[in-house]
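With the hints as extra help, turn the sequences into a complete structure.
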Amino acid sequence: MDLVIKFASLLWGIWFFRNKLVWENKVVTAKVVTDWSSKMVVDWQLAKMKIKRPGEGACNTTCGAQTFKWKPPTAGEFKLNVDASVPKNEHYYSIGMVLCDNTGKFVQGG
Numbered sequence: 010m011d012l013v014i015k016f017a018s019l020l021w022g023i024w025f026f027r028n029k030l031v032w033e034n035k036v037v038t039a040k041v042v043t044d045w046s047s048k049m050v051v052d053w054q055l056a057k058m059k060i061k062r063p064g065e066g067a068c069n070t071t072c073g074a075q076t077f078k079w080k081p082p083t084a085g086e087f088k089l090n091v092d093a094s095v096p097k098n099e100h101y102y103s104i105g106m107v108l109c110d111n112t113g114k115f116v117q118g119g
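Residue numbers (the numbering used here): 10 to 119.
Just to be clear, a hint being listed does not mean it is correct.
[Claimed, not checked] Pairs of lysine-lysine residues, derived as BS3-like cross-links and limited to a Cα-Cα distance of at most 27 Å, are as follows:
hint, residue 1, residue 2
1, K78, K114
2, K57, K78
3, K15, K57
4, K29, K97
5, K78, K48
6, K35, K48
[Unchecked claim] Ranges of calculated distance between the beta carbons of each label pair, as one might list FRET restraints:
hint, residue 1, residue 2, range
7, L12, V36, 24 to 30 Å
8, K40, G119, 21 to 27 Å
9, V51, G119, 31 to 37 Å
10, W21, H100, 16 to 22 Å
Just so you know, these hints were derived from the structure itself, not from any lab. Every residue gets a Cβ at the ideal spot worked out from N, C-alpha and C, and that includes glycine.
Here it is as structure tokens:
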């Protein structure tokens with residue numbers, strides 16, 4: 010499983026930095042891509058292991074966290090769900106989006 014996770018992270022890094030090249034004309038070395046991908050795996054593994062306690066950066070009801078049940082849009086319309094992650098003490102962020110139709114079928118993501 011570890012190898013699959015590392016490989017998926019590497020593919021994500023290649024895709025991420027390819028977009029940097031296409032949209033921002035930013036060129037990076039293969040080492041930057043592999044280092045970034047490795048850091049993503051480590052961050053993900055640490056996040057899975059970390060036990061959140063109130064007052065230690067864990068978001069709870071005092072900071073506005075709420076649970077909502079997903080509801081489909083009206084027929085003929087789409088719903089875009091967005092989530093973001095901002096790691097503590099880091100200078101980057103991640104954003105993910107999923108577009109679904111009124112049946113809940115995945116249309117597009119990014």
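* Identify every previously stated hint that the structure contradicts and give their numbers, smallest first. => Violated: hints 5, 9.
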